[in-house]
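Chains A and B are the protein sequences, given in the same order.
For the first sequence, the positions run 0 to 270 when numbering that gives the first Met the number 0 is used.
For the second sequence, the positions run 0 to 178 when numbering that gives the first Met the number 0 is used.
No lab work stands behind these hints: they were computed from the structure.
One should not assume that every hint holds.
[Stated by the list, open to error] Just so you have them, the derived chain B footprint on chain A, three or more residues with Cβ under 8 Å: (1) 10 to 19; (2) 167 to 175.
[What the hints assert, rightly or not] Calculated cross-link-like contacts (lysine to aspartate or glutamate; reagent style EDC-like; alpha-carbon spacing at most 16 Å): (3) A/Lys-19 / B/Glu-22; (4) A/Lys-31 / B/Glu-22; (5) B/Lys-127 / A/Asp-145; (6) A/Lys-19 / B/Asp-102; (7) A/Lys-19 / B/Glu-27; (8) A/Lys-19 / B/Asp-165; (9) A/Lys-31 / B/Glu-47; (10) B/Lys-87 / A/Asp-12; (11) B/Lys-83 / A/Asp-145; (12) A/Lys-19 / B/Asp-84; (13) B/Lys-150 / A/Asp-258; (14) A/Lys-31 / B/Asp-48; (15) B/Lys-150 / A/Asp-79; (16) B/Lys-150 / A/Glu-239; (17) A/Lys-19 / B/Asp-48; (18) A/Lys-19 / B/Glu-105.
[Stated by the list, open to error] Short derived list, chain B residues pointing at chain A, Cβ under 10 Å: (19) Tyr-43; (20) Asp-48; (21) Phe-54; (22) Ala-57; (23) Pro-104; (24) Val-111; (25) Leu-117; (26) Leu-153; (27) Pro-154; (28) Thr-155; (29) Tyr-157.
Think of the CB as a built atom: it goes at the ideal place given N, C-alpha and C, for glycine as much as any other residue.
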Amino acid sequence: MKPNDNNLRTAMDRRLSGMKVEDRHIAAVFSKAQGRQPRRRAVSLVVAFALVALLGTALAISWPATISWIQGIYGDRWADELKVGTHMPIHQVKVLGQVRYEVLEAIYVGEGQVDKEDYSYQQHSLYGTIRISPAADANIVLLPEDTLLSEYIGYNSHKGETAPPGTPTFLQKALETDAALLIATARPHGVLIDGELQEGWEIMYDYSSHGDGSLSYHFQVPMVPEMPEYQIKMSIQYWEITRSGKHLREGPDSNWVQDMNWVITVRPEGK
Amino acid sequence: MEMGGFWKIVNRPEGLAAQHAVEGLMREHGDSILRLCFVYLRDYHLAEDAMQETFLKAYRGFTGFRGDSGEKTWLTRIAINVCKDITKSAWMRRVNRGISLQDIPEPAAPPVEADDTLITAVMALPRKLKEAVLLFYYMGLPAGDVASALKVALPTVYKRLNKAQDLLRIQLEGWHETE
C-alpha cells in the first residue's frame, strides 16, 4: 500500500478519528491569547505617559529577551522557571569584521521552582541571547540562517509571523541601500567545565530578525551544573549571500568569517 | 475548496470577529492539524500543545494574513514550524520516543491493521521525508505550497516524496499497491 493521498488520508482520519478538536482546546487557545492582553490593557493613558517619560526605566523593567523568547515558544510555565532563575546581564561585545555580536545575558535555571516533575527539560540549563547588528559604517543587510532573500525584515516565517503590506524584504532592502547581504549566526559550542568543553547534549537555539535590521540568536545549553561562574564557548560567523542566492562560503569567492573560540565568562551579579 | 474560508480571511476581521474567525478555522481544520502534529511528534499530548500553539499564532498573526495562500496552507505552515521548534528542544532529544498508537483516543470504529501499519511506517520516516509526505498526501497541499511551507525548492519536494515512497515500499513489502 503506497502512501498516496487516498489511503494515507483514509488511514489517518480513520485510525486517528478519536483525535478531535474539542471545546476545551478552543477555550485554551483564547484563554492564553487573552491572558497576554491585560498587560497591555492595564496600561492606562496616564501610566503610558509616565512610561514614555521614563523610557529607560520602562525598558529596564521589561522581561529580558531570553525570557520573552521562551515565553513565545513554550508559554508561561517554562518562562516562569527563567523568571526565578539566576539572571546574568553580560553585554559583552565582539566585532568580527563587518558584524557586531553582543551577548546580552545568560540565565541559569537549576532545580526548577515552578514544576519539577513535568518540566524537567528546562532544569539545569543555561539560557541566553546574542544580538547581532552591523558594525559601525558597515553597509550590510543581515539575515539569520535558513532565511530566503524574499522573506520580510522583522517577520519570522518559521514562527508563523506574517508581514503587513509594504514591509521590505531582505533583498529589497539590500537593493535600496546597495548593501551586501550577510548571513550571520551565533550560538554556543557549550559550557567549559574545569576547562573542558562539556559535550553530550544537543544545544537548542532559535533566531529572529528584527525590524531595525538586527538579529537575535537565543540558546539553551542543557545539563549544566550550578557553578559560581560559567564559561560559554561561543561560535560566531557570517558569510555573504549574493542577490541571486549563492552562498559565498566555499571556493575562491568565499568570504566566510568565523570565530569558533570566543569564550565569555559570566557570573551572577554581586559575585 | 476553501472559498468560503478564504473570503472571510480576505475581509480581515479584527477583535472579537477575529476570534470567531479563528474559532471557525479550528473547527474546520483543527482535526487534521491535530493529527498532522501527532504523526510528526509521535506523542498525543505534545500534538495537542502544538495544535493549540498553531491556532494561537494564527490568531495573533491574523490581521497580517494577506490571503496569498489558502487558509489550510497557512495553518499547515505554522503547524510544521511549531512542531519543528518542539523537536529542537533538549527534552525531545532526551526522551526515547517510541512509535506507538496505543495511548491515543479511541477511534470511532475498531482499528484496521492496515491503517496502523501505514501510519507507523510514516511516523518512522526521517523528519524531512515525513514532512513532505504529510503535507502532500495527508494535508493535500499542492507541491508548490509544500515547497513554500518547508522553504525548499520544488524539485526537492519531489525528491523527498520519491525517497519516502522507496522507503515505505521496503517497509510495507508484501502489501498490495492500490491506486
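Hints and how they fare:
Counting residues of the region 10 to 19 of chain A whose beta carbon lies closer than 8 Å to any beta carbon of chain B gives 10, which meets the minimum of three for the stated coverage. For the region 167 to 175 of chain A, the proposed coverage by chain B is not satisfied: 0 residues have a C-beta within less than 8 Å of a C-beta in that chain, short of the threshold of three. For the suggested pair A/Lys-19 and B/Glu-22, the alpha carbons sit about 14 Å apart, so the restraint of at most 16 Å is met. Between A/Lys-31 and B/Glu-22 the alpha-carbon distance is near 14 Å, which keeps this suggested pair within the 16 Å criterion.
The suggested pairing of B/Lys-127 with A/Asp-145 holds, with an alpha-carbon distance near 15 Å, which does not exceed 16 Å. Annotation: proposed proximity of A/Lys-19 to B/Asp-102 holds, straight-line Cα distance about 15 Å (limit 16 Å). With a C-alpha separation of about 11 Å, the suggested pairing of A/Lys-19 with B/Glu-27 holds against the 16 Å cut-off. With a C-alpha separation of about 31 Å, the suggested pair A/Lys-19 and B/Asp-165 falls outside the 16 Å cut-off, and the hint is violated.
Between A/Lys-31 and B/Glu-47, the direct Cα distance comes to roughly 14 Å. Compliance with the 16 Å bound is thereby established for this hinted pair. With a C-alpha separation of about 27 Å, the suggested pair B/Lys-87 and A/Asp-12 falls outside the 16 Å cut-off, and the hint is violated. Of the supplied pair hints, the one linking B/Lys-83 and A/Asp-145 holds, its CA atoms being roughly 13 Å apart against a limit of 16 Å. Between the alpha carbons of A/Lys-19 and B/Asp-84 the distance comes to roughly 23 Å, so the proposed pair goes past 16 Å and is violated.
A distance of roughly 28 Å separates the Cα atoms of B/Lys-150 and A/Asp-258; the hinted pair therefore is violated under the 16 Å criterion. Between A/Lys-31 and B/Asp-48 the CA atoms are separated by roughly 12 Å; this keeps the pair inside 16 Å, and the hint holds. Distance hint between B/Lys-150 and A/Asp-79 is unfulfilled; the C-alpha atoms sit about 33 Å from each other, more than 16 Å. Straight-line distance between C-alpha atoms of B/Lys-150 and A/Glu-239 comes to about 19 Å, which puts the hinted pair past the 16 Å bound.
Restraint check: the Cα-Cα separation between A/Lys-19 and B/Asp-48 comes to about 13 Å, which is no more than 16 Å; the hinted pair holds. A C-alpha spacing of about 11 Å is found between A/Lys-19 and B/Glu-105, which places the hinted pair at or below 16 Å, so the restraint holds. Restraint check, B/Tyr-43 versus chain A: the minimum CB separation of about 7 Å is within 10 Å; hint holds. For B/Asp-48, the shortest C-beta to C-beta distance to chain A is roughly 8 Å, which falls under 10 Å, so the interface hint holds.
Using the Cβ-Cβ criterion of 10 Å, the hint placing B/Phe-54 at the interface with chain A is satisfied: the shortest such distance is roughly 5 Å. Annotation: interface hint on B/Ala-57 holds; nearest CB of chain A at approximately 7 Å, less than 10 Å. Using the Cβ-Cβ criterion of 10 Å, the hint placing B/Pro-104 at the interface with chain A is satisfied: the shortest such distance is roughly 3 Å. For B/Val-111, the interface hint holds, the least distance from its beta-carbon to any beta-carbon of chain A being 7 Å, beneath 10 Å.
For B/Leu-117, the suggested interface contact is upheld, since its CB lies about 5 Å from the closest CB of chain A, less than 10 Å. The interface hint given for B/Leu-153 is broken, as the beta carbon of that residue sits about 14 Å from the closest beta carbon of chain A, more than 10 Å. Hint status for B/Pro-154: violated, given a least beta-carbon distance of 15 Å to chain A, over 10 Å. With 10 Å as the threshold, the beta carbon of B/Thr-155 stays out of range of chain A, its nearest partner Cβ sitting at about 13 Å, so the hint is violated.
Because the closest C-beta pair between B/Tyr-157 and chain A is about 15 Å apart, greater than 10 Å, the hint is violated.
The earlier numbered hints that this structure contradicts are 2, 8, 10, 12, 13, 15, 16, 26, 27, 28, 29.
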